[in-house]
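Kindly generate the complete structure, drawing on both the sequences and the hints.
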Amino acid sequence: MSEPKILRKKTGHFLEDFVPGQLFRHKLGKTVTEGLFAAFTEFSMTTNPLSKNARYARAYGFSGLVCPPGLAMLVAFSQTVEDVSENARANLEYVDMRFGAPVYVGDTIEVETKVLGVRTSASRPNLGIVHVQSTARKNIGERDEAIALTWQRKVQVYKDDDKAEAHAGEIAPDAIECSLWLPPYEQGRDYKRLAHLSNPDTYFEDFEPGTRIEHSRGRTMTSEHIALTAMLDNTSQVHCNQYMIDRDPAQYVGGQLIIFGGIPFVLCLGLSCPDVADNALGDLVYKTGRHTAPLFAGDTVFAATEILGKRDLAGRADLGVVETRLFGHKFVKKDGGFEKVGIFELDRDVVVKRRSHYA
Amino acid sequence: MSEPKILRKKTGHFLEDFVPGQLFRHKLGKTVTEGLFAAFTEFSMTTNPLSKNARYARAYGFSGLVCPPGLAMLVAFSQTVEDVSENARANLEYVDMRFGAPVYVGDTIEVETKVLGVRTSASRPNLGIVHVQSTARKNIGERDEAIALTWQRKVQVYKDDDKAEAHAGEIAPDAIECSLWLPPYEQGRDYKRLAHLSNPDTYFEDFEPGTRIEHSRGRTMTSEHIALTAMLDNTSQVHCNQYMIDRDPAQYVGGQLIIFGGIPFVLCLGLSCPDVADNALGDLVYKTGRHTAPLFAGDTVFAATEILGKRDLAGRADLGVVETRLFGHKFVKKDGGFEKVGIFELDRDVVVKRRSHYA
Amino acid sequence: MSEPKILRKKTGHFLEDFVPGQLFRHKLGKTVTEGLFAAFTEFSMTTNPLSKNARYARAYGFSGLVCPPGLAMLVAFSQTVEDVSENARANLEYVDMRFGAPVYVGDTIEVETKVLGVRTSASRPNLGIVHVQSTARKNIGERDEAIALTWQRKVQVYKDDDKAEAHAGEIAPDAIECSLWLPPYEQGRDYKRLAHLSNPDTYFEDFEPGTRIEHSRGRTMTSEHIALTAMLDNTSQVHCNQYMIDRDPAQYVGGQLIIFGGIPFVLCLGLSCPDVADNALGDLVYKTGRHTAPLFAGDTVFAATEILGKRDLAGRADLGVVETRLFGHKFVKKDGGFEKVGIFELDRDVVVKRRSHYA
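Chains as they are written, first to last, in my numbering: chain A, 1 to 359; chain B, 1 to 359; chain C, 1 to 359.
Hint data in this document are derived by calculation from the structure and do not stem from the laboratory.
Owing to the predicted nature of the structure, the values given are computational and were not obtained by experimental measurement.
Mixed in with the good hints, there may be bad ones.
In silico DSSO-like pairs for lysine-lysine, Cα to Cα no more than 30 Å straight-line [unchecked claim]:
{"hint": "1", "chain 1": "A", "residue 1": "K10", "chain 2": "C", "residue 2": "K334"}
{"hint": "2", "chain 1": "C", "residue 1": "K5", "chain 2": "B", "residue 2": "K333"}
{"hint": "3", "chain 1": "A", "residue 1": "K310", "chain 2": "B", "residue 2": "K9"}
{"hint": "4", "chain 1": "B", "residue 1": "K192", "chain 2": "C", "residue 2": "K10"}
Shown next as C-alpha cells:
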C-alpha cells in the first residue's frame, strides 16, 4: 500500500477570519447532567443552598437544584472557545454578562456569537482584538426555551498569516432581552422555616458599602484542572497538552499548563459565597471582569469582595441589589517570603434577600 | 475613594462557644445527585451490587441504587464540620453510629447536632474535648421523611481565647429511634437467579469468628482528595489550603495537607467489601471507631477485618449479624524498608444474607 | 484473646483455571449513572453531539444522550477483568468487537464470558494465552433487554503454580447476534436544522481512502487515571497500588503504575472524534485492536486516523461505512529530543451520515 496523504486540519479562527456582523452558531451544545452539575458545583465551593439542597430550592419556587451562575457561565462560555478563542493569546475582558432563566439539571444550552468589532494591534502586527457578543439559549424548540445568559468579551487573537489584512471595524451590540428570572415572593411559603440552612449574616441589611470582606478560605488547585477543562469541552491546548509546552517551553508563560480562566472565575465566586451570596437569589450582571495573572497547578486561590453600593430592586420589596467587586489572588514565593498577586476581578451585582422577609 | 474597612469573619466554633444541651441545626443540607453518588461509590471501591446494579437493588426491594453506608455517613458528617470541628485539632472517636433508612439518589439529607459534653484539657489549657450527638434526616417534610443515621463523636477543639472559661459539663445522650431498614424477605422474589452477581463465599455461614481477613487490594491516594473533600462541603482548611501550610509548615503534621478522615473511612469499607460486605443488606452499627495516624497524598491504603463474632437477627431467619473490627493501614518508608502503620479502626456490625435463603 | 487465624483470599483466575467451553457470569453488573456518563464522556473529549446534547440525540430518534462506544466498551470490559485478566501479564488483542443496542443513562449492563481457547507459552512456561468471547447485555429481564456489545480478546495470563498443566484446546466462537441499532431515517425529522451542531466536513462524502488525518489535539494524562479506573470497577492492582510497585520496582514496567488500557482506548477515540466521528451514528465493529506500548501519568496522548476504505450500508441510502485505522501515540524523551512511540491501534468501521441527507 502506498503512503497515505497526510491531512492536518486547522481548528478555530484567526484574526483575519473575523468580520464585524458575522454570526457563529457554535457546535455541540451541552446538556447539564447530574455529573457535570455535581463536579462543578462542588468544585467551586459554593455554599448557597439553592445549589445544594433540592428541598430548599423547590420551597423557594425553583424547579429543583439551581446551577450556580458560574456553572451556567462555564457551560455557555466554553462552547464559544473553538470558534472565538482557540487561537487567542489572551481573554482581555468580560463585559455586561447578564443572567436570565435559571439553569437546571437536564437543560440543554446552545450558544451563538456575533462579531462586534475587529482591530489590529498597532505594536504587534501578528495579532489584534476581537470583540464579540454571545447569547446562550436553553432548551431550544421546547416549552421552556429561554435565554440563560448573554455577554460580550474582548479577546486578543493571533493571525494565521502575519501579512493578512484584518476586517477592521466595529458595530453596535444587539439589544438582547435577558433579565434575571426570580421566583415570586409568596406569603404562603414558609421561608423562615428554612432560614437556618443559610448564613444568618448575609442578608441585604447586613452589607455595608465601603467595606472589604477578606474571605477566610483558600483552595489549592491541582492537575485536576485538566479534567475539569475537558469536562467543559474547552478545546484550547494550553490547558491540557504538556508535550506542546515541553517541546518549546519558552513560548509558553511559565513553561507549564495554564489553568483555564473559567476555573478561577467560578472558584472565586464560590470562595466568596458564604460571605456574599449565601442568601442571594441570583446574580444580576457582571458589568466587567478580567484575569490579571495566570493560575497554575499548585497555586492556592483566595478571594475578597468589596461592597461598592446597595440599591432597591424595582417591584421587589423582599429583595435588594448589592453592588460588589470580587477579587481573586494567590501568593507567589519571592525573596524567601510570599508576594500577593491579583489574578481576577469582577464587578458583580447580586440580588439578595432581605432579612425582613426571609428570616 | 477612601480605603475600605476590612472585615474578616470567624468561621466555626471554639471550645468556649460550646454549651452542653445546645443544639446546632446545620446549614446547607445536601441532595445526593448521581454525580456525588458515582464519585464516592466508585472511589471507595465498594463491590456490593446494591450500590452498582439497579436491577439487583430493585429485585431485593430497594427503590434503586443504594448509597453505601460510608457515603451516607460522609454526606451527613460533613454537614457538621463547620459548626463542630472547623477549629478542631483532631477527631478523637466515633461512637454508636447507627443506620436507619436507606439513602437513594435524589434524597436530601439535613443534620442537627446536640452538644452532650464539654471539658477542658488538664495538660493543654488552649483546648478541650467536645462530645456531640448528631442526627441526619432525609427528605424533611416529605412523604418519605426518615432518619438516615445518628452518631456521637468526641472532638478535640481549640479555644479562640486561651484564657476563656469553657462551659464544662456532660448530659445524657438522647434516645434516637434509628434502626436499620431492611427489605422484607419474600418467597416470590427469585433471589437465587441473581446470586452470581455477588461473591459466593461471603454469606453469613462463611464467617468464622477468630479469623482475620487481609484484604488483597490496596489503593494509592492522590491529590484527588482535595476535590473529594470539597465535594462533601467539608470546610476544614487543613485538607485544601496548601499556602496556609507553606507559610508555617512546622505548625502542621508532616508539613502537608492531611487527607480528610472520611476518605480513609470509606476507602477501608470499600477495600473490605469483597470479603466482608458483598452479601450484606446493610450496616447496623459502628460501635466505636478512630483514626490512629494521618493519611497523605501518595500513601497506599490497605485494610483487614477481624471477625469478632456472629449472632442471629431477631425476626429474620434469612439474615444474621457479623461482628467485625475493620482496620486500615499504610506502609511508611523506614530504615531502607517499609513499616506498617495503622491508620483506622472501626467496630462494625454488618447484616449479612444467609446462603440458605439467597444462593 | 488468642491470635486470629489469618485468611488471604486469591482473586481472579490463573492459566490452569481456564477450560475451553467454560462460562463465566461476571459479578456485579453496572448501572450507568449520570455521574459515570459525564466523567467518561467528558474525559474522552468526544465531540459527537449525540453524547453531549440531549435535544440533538432525541431529534435523531435516540431516547436521550447516547453513551459513546468507548464508554459502553469500558463498562462492559471492566466487568470481565476480575475473572479473566486480574492475573494477566498483558492484554494481547481485541477481536471482532461489535456494537448492538445504544446504551443510555440508567441502563444496567451485565456481562458473561466464554473461554474459547487456552494454550501455554513455549518459551515461558509460567504463562500462556487465554482466548475468550464476552457478551454484554443491558437491562436483563426488562422490557428493553438487548445485547449492547460482544467481543473476543486474547490475554497473556500467569500460572499460579508454574508446574500446573493448562487445559490446552480451542473451540469455535459462538455466533452472537449483535448488530448496530440505528435510528430510522425519517423525512419528517428536520435534521438540517441541527446541522450546525456538528462539524461540516466529516460527512461520508468527505472521507478519502488513502489519507491519514493527524488529529490536532493532545491530552496529558495525570494521576487521575487511578480514580477513573476505580470508577470502572477494574480491580487490577498494577493501576492503583503504588506500594506494591515501590516494594519491588524491578518487577513492574517503568517502576510506576501503568494506566489501564481502556483509558487510552477511549481517549484516542475521543481525540479522533472531531475529524472522524462527529457525524457518526455509531461504531459498527472494531475488527482488531491492540496496545503497543504502556501509558504512564505525565504522558500526552495523540491520535491519528488512516482512512482505509468506504462502503455503502445495506438498506440505508442516508448512511455509509468508513473503514479506518485509529492510531494512538505519545512522545518520549530521548537523546535530548523526543521520540514518537505508538501506543494503540484499532481497526474501526464507523457508520457515518451522508451530507446529501443530513446537511
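Q: Hints the structure violates: just list their numbers, smallest first.
A: No numbers; nothing is violated.
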